[in-house]
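If you're matching them up, the sequences are chains A and B in order.
First residue of the first sequence? That's 1 in our numbering, and the numbers climb one at a time after it.
First residue of the second sequence? That's 1 in our numbering, and the numbers climb one at a time after it.
Source of the hints: derived by calculation from the structure; they are not laboratory data.
Note that the coordinates shown come from a computational prediction; the quantities given were computed from them, not determined experimentally.
Just so you know, even glycine gets a beta-carbon here, dropped at the ideal spot from N, CA and C.
A couple of the hints might just be wrong.
Claimed, not checked - Part of the chain A face toward chain B, derived, beta carbon under 7 Å:
(1) Ile34
(2) His85
(3) Tyr112
Claimed, not checked - Listed next, the in silico DSS-like pairs over lysine-lysine satisfying Cα-Cα at most 27 Å (straight line):
(4) Lys27/B to Lys73/A
(5) Lys124/B to Lys115/A
(6) Lys108/B to Lys124/B
(7) Lys50/B to Lys145/A
(8) Lys133/A to Lys73/A
(9) Lys109/B to Lys78/A
(10) Lys133/A to Lys109/B
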Amino acid sequence: MKEILYDDLIKGMQLPDMTYALTDDVIDKYLEAIDDLNPLYIDEDYAKKTSFNGRIVPPISMAIYSTVSSVIKPLKQKTPPGLIHASQKFEFTGLVRPGDELLIKTIVEDKYEKKGRKYVVFKSEVFNKDGQKIGTSWLSPIWPK
Amino acid sequence: MSCYRTFEELIIGEELTPVIKKMTQEKINRYVSIAEDYNPIHTDEEFAKKTPFKGIIAPGYQTMAYISELMSRDFGNAWYVGGKLDIRMVKVVRPGDLLTARAKVVDKKEEDGKNIAVFEVHLKNQDNEDVIIGSAEAAFPKNN
Numbered sequence: 001m002k003e004i005l006y007d008d009l010i011k012g013m014q015l016p017d018m019t020y021a022l023t024d025d026v027i028d029k030y031l032e033a034i035d036d037l038n039p040l041y042i043d044e045d046y047a048k049k050t051s052f053n054g055r056i057v058p059p060i061s062m063a064i065y066s067t068v069s070s071v072i073k074p075l076k077q078k079t080p081p082g083l084i085h086a087s088q089k090f091e092f093t094g095l096v097r098p099g100d101e102l103l104i105k106t107i108v109e110d111k112y113e114k115k116g117r118k119y120v121v122f123k124s125e126v127f128n129k130d131g132q133k134i135g136t137s138w139l140s141p142i143w144p145k
Numbered sequence: 001m002s003c004y005r006t007f008e009e010l011i012i013g014e015e016l017t018p019v020i021k022k023m024t025q026e027k028i029n030r031y032v033s034i035a036e037d038y039n040p041i042h043t044d045e046e047f048a049k050k051t052p053f054k055g056i057i058a059p060g061y062q063t064m065a066y067i068s069e070l071m072s073r074d075f076g077n078a079w080y081v082g083g084k085l086d087i088r089m090v091k092v093v094r095p096g097d098l099l100t101a102r103a104k105v106v107d108k109k110e111e112d113g114k115n116i117a118v119f120e121v122h123l124k125n126q127d128n129e130d131v132i133i134g135s136a137e138a139a140f141p142k143n144n
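This is chain B alone, in the form it adopts within the complex (with noise of 0.2 Å):
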């Protein structure tokens, strides 16, 4: 799989090729079905709306996914087997909204025999705002 970025072709400050989803009422309908998490805030308008969230919201675990997905193409098994991700959701995704995942490389280093790339990772949503931030790693074994 050639396909694949290299550690060593990483260049701290780059950003890597951003993923851009479209979330939608089916799409958050279908994942909570498979999460069996049956929270009205997903599904029920009604109910959404009179609460402080004034509406449908995605669930969080669903669009994490989308830096996920970023990360799994550029790095394949550096991520599968060995990569981290720790976020913060801080905005509410909508049905409709336009998302925008991006990874930048903040730092290169090496750790218990591996060599890490760190990531800054952000989804953004259609009006550039944060949905999630937070930082990846990506873990690549040496001479490889």
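Bound conformation, chain A alone (with noise of 0.2 Å):
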């Protein structure tokens, strides 16, 4: 695969949708690798009885799917080695359900150099199968050329 460089990247670009099914097995692994045992995530029968209604699957996990590489693989390019995640934003508009199936949109919001430094800052917007935005991640990495 091609790596794709700073240069290739334009603000507002588009990149083409992707799809992200929240299955049980990667919710499990998910849960496990950030070691969050809340049983609102992982206890069926305890989360029916919340004002929730049923489990849900924390918000952040949209770090999973909202990633660089993540976000440049349907161009079927690859990043630069070197690449280092600088900031991010979240803002969490709606509830995410085990088995939601995810449609993610998202642009090159922005792209500067600051003190020799090149910036990117992806905007992922995340709706649900009823087209609810479930949220949105600003992701900003340090392009290394």
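Starting from two chains that each stand alone, build the complex the way the hints lay out.
Dropping the structure here:
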């Protein structure tokens, strides 16, 4: 795969839509990796008795499918080695449920150079299958070349 | 769910109970496999040693989840629907690091018909150095 360079990324550029399925397998591994045993995420009987009326998925899980490599993947290109994840913003706007099929729409919201470093800002909006926006991620890496 | 904090009871300057986590190589491996992030900086010590980081580092994505865990624990729906997080990764995290997620109430305000609590957030390592810094907001519907 060809590397995507800073100059290839254009402000306002829309990346191809992606879909992501939050299967139980993905959720279980994710919760183990972040070491979070909140029963609201893992115990359906418990979760049913709460105001959430069933299990939910922590919204920060957005981080696993809005990575730079994920958002670049549909272009069939890869990031150059040495990319650094500098900053991140999230807004959570709707509950995420196990089994959700998510649609992710990403644009290159900004790119700029500061103190000799090249920054890119990817904005990813995430929708569930009912079209409800469950959240937005702004991911800003330092691009190596 | 009465375990969640209310907007009214939060006091400016108050520190929330921290979340403490140990980072391990096993957790990193699990995380990168699920995030399909195969950057060898996270998993290959020989490769990582030759980079400016001089060793394996945990993905920033993974460690920011500890701040979200703290906010989820204390605020439930006010975080899940209406939460905002704005952070910078300022120092690397290594396997074996003991990390503490902290949040301090810095403002309470009304915006778009909701009560908003604003927090300064940190993730610190065992040497009390910041590895992540930033801010967070929880949004509480009114009359709730």
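* To do: Would you check the hint for Lys124/B and Lys115/A, treating anything up to 27 Å between C-alpha atoms as holding?
  => Measuring from Cα to Cα gives roughly 26 Å; hence the hint holds.
* Taking the closest Cβ pair, is Tyr112/A under 7 Å from chain B? -> With a minimum Cβ separation of about 16 Å from chain B (threshold 7 Å), the hint on Tyr112/A is violated.
* **Hint status (Cβ of His85/A to nearest Cβ of chain B, threshold 7 Å)** => Given a least distance of 4 Å, the restraint on His85/A holds.
* **Pair hint outcome, Lys109/B versus Lys78/A [Cα-Cα no greater than 27 Å]** => With a Cα-Cα distance of about 43 Å, the restraint between Lys109/B and Lys78/A is violated, given a limit of 27 Å.
* To do: Compare the distance between the alpha carbons of Lys133/A and Lys109/B with 27 Å, and conclude whether the hinted pair is satisfied.
  => holds, 25 Å
* Asked: Keeping to a limit of 27 Å between CA atoms, is the pair of Lys108/B and Lys124/B held or broken?
  -> holds, 24 Å
* Asked: Between Lys50/B and Lys145/A, does the CA-CA distance stay at or below 27 Å?
  -> holds, 19 Å
* Asked: Holds or violated: Lys27/B with Lys73/A, Cα cutoff 27 Å?
  -> Given that 27 Å is the threshold and the Cα spacing comes to 24 Å, the pair holds.
* Is it true that the CA of Lys133/A sits at most 27 Å from the CA of Lys73/A? -> At roughly 22 Å apart (the allowed maximum being 27 Å), Lys73/A and Lys133/A satisfy the hint.
* Asked: Would the stated hint for Ile34/A survive a check requiring a Cβ distance to chain B of less than 7 Å?
  -> holds, 4 Å
Of the numbered hints stated above, those contradicted by the structure are hints 3, 9, listed in ascending order.
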